[in-house]
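> What follows is each chain in one-letter form.
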Amino acid sequence: MSEAKPFPMNAWYAASWDYELKQALTARTICGKDVVLYRRSDGRPAALEDACWHRLLPLSLGHLKDDQVVCGYHGLVFNAAGRCTSMPAQETINPSACVRVFPSVEKHRLIWVWMGDPALADPAGIPDFHWNGDAQWVGEGGTFYKLQCDYRLVVDNLMDLTHETYVHAGSIGDEAITRNPFSVTHGERKATVSRWMKNIEPPPFWGRQLGKPGRVDRWQIVHFEAPSTIVGDVGVALTGTGAPEGDRSQGVNGVFLAAITPETATSCHYFWNFVRNFRQHDQSLTTELRLAHVNDGRGLYEQDRAVLEAQQKAIDKNPRQPFYNLNIDAGALWARRLIDRRLAAEQPQEPARARAAAG
Amino acid sequence: MSEAKPFPMNAWYAASWDYELKQALTARTICGKDVVLYRRSDGRPAALEDACWHRLLPLSLGHLKDDQVVCGYHGLVFNAAGRCTSMPAQETINPSACVRVFPSVEKHRLIWVWMGDPALADPAGIPDFHWNGDAQWVGEGGTFYKLQCDYRLVVDNLMDLTHETYVHAGSIGDEAITRNPFSVTHGERKATVSRWMKNIEPPPFWGRQLGKPGRVDRWQIVHFEAPSTIVGDVGVALTGTGAPEGDRSQGVNGVFLAAITPETATSCHYFWNFVRNFRQHDQSLTTELRLAHVNDGRGLYEQDRAVLEAQQKAIDKNPRQPFYNLNIDAGALWARRLIDRRLAAEQPQEPARARAAAG
Amino acid sequence: MSEAKPFPMNAWYAASWDYELKQALTARTICGKDVVLYRRSDGRPAALEDACWHRLLPLSLGHLKDDQVVCGYHGLVFNAAGRCTSMPAQETINPSACVRVFPSVEKHRLIWVWMGDPALADPAGIPDFHWNGDAQWVGEGGTFYKLQCDYRLVVDNLMDLTHETYVHAGSIGDEAITRNPFSVTHGERKATVSRWMKNIEPPPFWGRQLGKPGRVDRWQIVHFEAPSTIVGDVGVALTGTGAPEGDRSQGVNGVFLAAITPETATSCHYFWNFVRNFRQHDQSLTTELRLAHVNDGRGLYEQDRAVLEAQQKAIDKNPRQPFYNLNIDAGALWARRLIDRRLAAEQPQEPARARAAAG
Chain A
21 MSEAKPFPMN
31 AWYAASWDYE
41 LKQALTARTI
51 CGKDVVLYRR
61 SDGRPAALED
71 ACWHRLLPLS
81 LGHLKDDQVV
91 CGYHGLVFNA
101 AGRCTSMPAQ
111 ETINPSACVR
121 VFPSVEKHRL
131 IWVWMGDPAL
141 ADPAGIPDFH
151 WNGDAQWVGE
161 GGTFYKLQCD
171 YRLVVDNLMD
181 LTHETYVHAG
191 SIGDEAITRN
201 PFSVTHGERK
211 ATVSRWMKNI
221 EPPPFWGRQL
231 GKPGRVDRWQ
241 IVHFEAPSTI
251 VGDVGVALTG
261 TGAPEGDRSQ
271 GVNGVFLAAI
281 TPETATSCHY
291 FWNFVRNFRQ
301 HDQSLTTELR
311 LAHVNDGRGL
321 YEQDRAVLEA
331 QQKAIDKNPR
341 QPFYNLNIDA
351 GALWARRLID
361 RRLAAEQPQE
371 PARARAAAG
Chain B
21 MSEAKPFPMN
31 AWYAASWDYE
41 LKQALTARTI
51 CGKDVVLYRR
61 SDGRPAALED
71 ACWHRLLPLS
81 LGHLKDDQVV
91 CGYHGLVFNA
101 AGRCTSMPAQ
111 ETINPSACVR
121 VFPSVEKHRL
131 IWVWMGDPAL
141 ADPAGIPDFH
151 WNGDAQWVGE
161 GGTFYKLQCD
171 YRLVVDNLMD
181 LTHETYVHAG
191 SIGDEAITRN
201 PFSVTHGERK
211 ATVSRWMKNI
221 EPPPFWGRQL
231 GKPGRVDRWQ
241 IVHFEAPSTI
251 VGDVGVALTG
261 TGAPEGDRSQ
271 GVNGVFLAAI
281 TPETATSCHY
291 FWNFVRNFRQ
301 HDQSLTTELR
311 LAHVNDGRGL
321 YEQDRAVLEA
331 QQKAIDKNPR
341 QPFYNLNIDA
351 GALWARRLID
361 RRLAAEQPQE
371 PARARAAAG
Chain C
21 MSEAKPFPMN
31 AWYAASWDYE
41 LKQALTARTI
51 CGKDVVLYRR
61 SDGRPAALED
71 ACWHRLLPLS
81 LGHLKDDQVV
91 CGYHGLVFNA
101 AGRCTSMPAQ
111 ETINPSACVR
121 VFPSVEKHRL
131 IWVWMGDPAL
141 ADPAGIPDFH
151 WNGDAQWVGE
161 GGTFYKLQCD
171 YRLVVDNLMD
181 LTHETYVHAG
191 SIGDEAITRN
201 PFSVTHGERK
211 ATVSRWMKNI
221 EPPPFWGRQL
231 GKPGRVDRWQ
241 IVHFEAPSTI
251 VGDVGVALTG
261 TGAPEGDRSQ
271 GVNGVFLAAI
281 TPETATSCHY
291 FWNFVRNFRQ
301 HDQSLTTELR
311 LAHVNDGRGL
321 YEQDRAVLEA
331 QQKAIDKNPR
341 QPFYNLNIDA
351 GALWARRLID
361 RRLAAEQPQE
371 PARARAAAG
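Residue numbers (our numbering), protein chains in the order written: chain A, 21 to 379; chain B, 21 to 379; chain C, 21 to 379.
In short, the hints are calculated from the structure, not lab data.
Any given hint could be a false lead.
Just so you know, same-sequence chains aren't split out, so a pair can sit in one copy or run between any two.
[Stated by the list, open to error] Distance condition first, Cα-Cα at most 25 Å in a straight line; then the derived DMTMM-like pairs of lysine to aspartate or glutamate:
#1 Lys127 with Asp142
#2 Lys127 with Glu221
#3 Lys53 with Asp336
#4 Lys337 with Glu366
#5 Lys42 with Asp253
#6 Lys127 with Glu69
#7 Lys166 with Glu329
#8 Lys25 with Glu308
#9 Lys218 with Asp142
#10 Lys232 with Asp62
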């Protein structure tokens, strides 16, 4: 695992929020590749290799002209299909002059790009993040660009919410999370961790959201889809009102959405949102919830960032494979297994055979 | 080419402007070697290895005393020939105690050093930069020390002025540069790119210099001498006044001078000047021209710097050899060939023979 | 020597001043290992490996609870013996769950840790630094944490005080140091450099301390103990009052104390003190002496730091083994030999035998 890429290439990865992508050039590194992103005049996104065919200058240092990218050094022009359409001082254009194009799609308020074999890029495989754009659900997310850790450490983090007890004490942390059992289910590409904490005092954050006194049933149902998206269904309802049986009408419900895009083997872009289906028109609650997550270093996710980046530094300095695991890691371990299957599916077959032959 | 040094050692490289070199110690890295430069009391320059024989402390951290360098740690003294002339607390001086000395010469307002075999250091081989010190030509140049790119990228840049159209649009850039053909000639150590753009509207910069209305003939005649100096004869004259035939009296003429000294394999010191033979006594024009080239990030050469450093970063990240080339690269390709010949001439002969024997 | 660790592991190294260690977690790297230090409620120090058994998060990012360390990610608890005493959400604790503990002792106002085999950690081997805590001797030292040089360069520096003449000219530097001979004696673990400079003008610093006119006898008796502690007995007395024969009553006497702890192969923590046995109650003299040593870049030791860090950079760039040596290096060479013996004693025996067999 040490030398191979730790991320599958044949996957849709979030590259940008919809509102960030304009008719202008944006540079972003995804899965170790430099990409230049832009929006065409008809609104469709485009994603090209960010290095001119001629002398490698990043195309993102040039400018857009009529949906085409003009290199900032010698003026070569590339269209959204990656083909060179103009060269300085010559009429004939070398037909091999092109840059790689990456399939890109706008969906659920994110721009998704496919970094692997374009022939396999099926938009039907984009993860279901409909909550981002659904009128019933309201929230204002953001991105940690260039988070300095392996994207899988974020997956580990979100697949084991017992860390809330220690990292997020005083807000959503609660000893009840570690006291109550959880179950894990999984399929080919998905794994789900479910935990119900019944008849507990609500932790401070959820108590405020509920706005009613009394003990609650709290749920955390976290869905992972390989390689790196997570949808977490979380909330509390007054105990005895039937939430565990399916009636959440006396509760408050949120969903956290995480699309974690590898930048390099040890950094990632973490697109996050937290949406709710209560008090949807309360703009100050929206702002308050955003600040609860990210607020100049005082938000929940910034507490996670500090831990995740410190963990990556420790791993770099002190590599120890595999990690030791606890019972709480069952969900994360399934996520890792599903990622590993995707990675294995992308390995060339020959070496295995060669090894067998040599054996 | 990947592991070998990308610069010949047997060459004169600019190390400092004349006015910068005082009777004081200056540290500079040239061709990967640390050098301490100073001026002796009789005015002659001196250049020594910048590491004490004893414990490697950079001699540039010490001080000068009577044209000799005193180490700042234990007081060893070295003369301008690199020989140790005093050791602390002992009468007998180890005869092997010396530091390397590099031949150095002041000429054409620059200090030139020879980093290779001293036996080959012939001052007659110093490039002709007489414009720097000629009373007929006036200008105020400078240096980009530690420019973060392979010195050959600067050569490429100056040997193909079509980049002006894209990098320097609005000043000296002009579509005429890409429209008009150029010719390349070359000898053993020199290559020249010539381009005449006849009967064009002058670009803004040259229109201002000419100070007369009307269409012009513009010329760019760029002389490269291996490994890394360039003299560019540029200007405009009113069309029909005979400039292409040799009469430049109705025009304005400038010369750009570039001595590009490798610092490391991926950085260089770029000594530049732009001199003119018109309005020589107009001090504010001199200042204006300097600011046009370097002006807190808004000058021509600073636009080049941004491109060159970005190109080097892209090459480091995405090595691809060789570059793809266009017609416009013909001059730069000749310059590269002449550099490669110099590099090949410095390769030891044995490996080639060994390979032949094995073949 | 290039790849092996340049520091013995079986040694007591200073890790902290007594006043710095509180009932709180402090991170420190010693001999390449990350350590978390804290003081227990009964005052005893504790030192653990600074990486959680579970997922490597530095334990120093967690918090102390009842003399135990609680990990800041998932709440695992480790006692001062390194054993895990609590895991989240499970009753059974994996008996192998522990982090390494390093023997630690508080003595002579410093916290000392043992980085090697705990079975060999005998507190009787802690260097004699009694001056730090002795009521007769007064001083206010400090630490250069993360000094960017091999700890042995500091040893070299202190074992050859001729450098004072060049690095500390104007305060304690004096040509007399280089003019006068010195002697070196050594044992199994200790080496001593002694120099008497008789009947000299006192250098400015010592003249001020003595406070009397007249010529002096000056002494520098520097005791090294492998691997990296130094005690320097220094002072001046009026010439003719018998100091060389043992009567220092007409002089002033200081002792400099240096405990130099490897952080990595090329950085160290330099715990220093300078104590005196005269005018012990003069608080402004104490402050003045501290400022003479460290004073925002203007102190004696800061002059050394500039030289030491420049020397390390030069070594990194220009490795040349071994150093060339002068007569003045005799003391430093003995120190290096004693360090090398300690290093050799820690080498596994097998490779030597294998080499002999192959020979």
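> Which numbered hints turn out to be false for this structure?
2, 5, 8, 9 and 10
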